[in-house]
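For the sequence shown, the positions run -18 to 160 when my numbering is used.
Each computed DMTMM-like pair below joins lysine to aspartate or glutamate, with the alpha-carbon atoms no more than 20 Å apart:
(1) K127 / E114
(2) K127 / E(-3)
(3) K84 / E108
(4) K53 / D14
(5) K127 / E108
(6) K84 / D65
(7) K(-2) / D107
Since the hints were made in silico from the structure, they are not lab data.
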Amino acid sequence: MDVITFRYLISLVVSEKLNMQLMDVVTAYLYGDLDTEIYMKVPDGLSLPKSSGSRPRSAFAIRLKRSLYGLKQSGRMWYTRLSDYLIGRGYVNNELCPCVFIKTTSSGFAIVAVYVDDMNIIGTLDELRDTAECLKSEFEMKDLGKTRFCLGLELEHRDSGILIHQSAYTQNAQAFQYG
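Let the sequences and hints guide you as you build the complete structure.
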């Protein structure tokens, strides 16, 4: 998700009086299934087979069954896993916004906007709860409450709307520039 899409979604939350909740997927990249064979050195601490004899540890390799942080394709494999899961539960997305998933129900709609391992869930309180439970049933998630920070934007939820600013970014930029 890019900043322009995120700002649009914030305007939708305000205009339609919806709620926005931020959730984090714990170790998201480890959920991805590999689509190619990848081998790695046997890490220290992992036992070698008893039949290894006197051959050195460097003579062995193990095949990965899951994505691992540091692999080039881990991000894509995580996105594919998440996308397949959401689409399998009735969410749709399109080529223009591949990280935004929308599900329409009889009581309204829910939007899941993904940025790496963070998910902004948008909808009524009931839709938020249902969507969060759906995600928690498949992935280990941390509920971070109302979205207060995402993509460098700080959000202050008020009765009259949402105030967007970048105070922390400005302070960090000034500290860097003027040290």
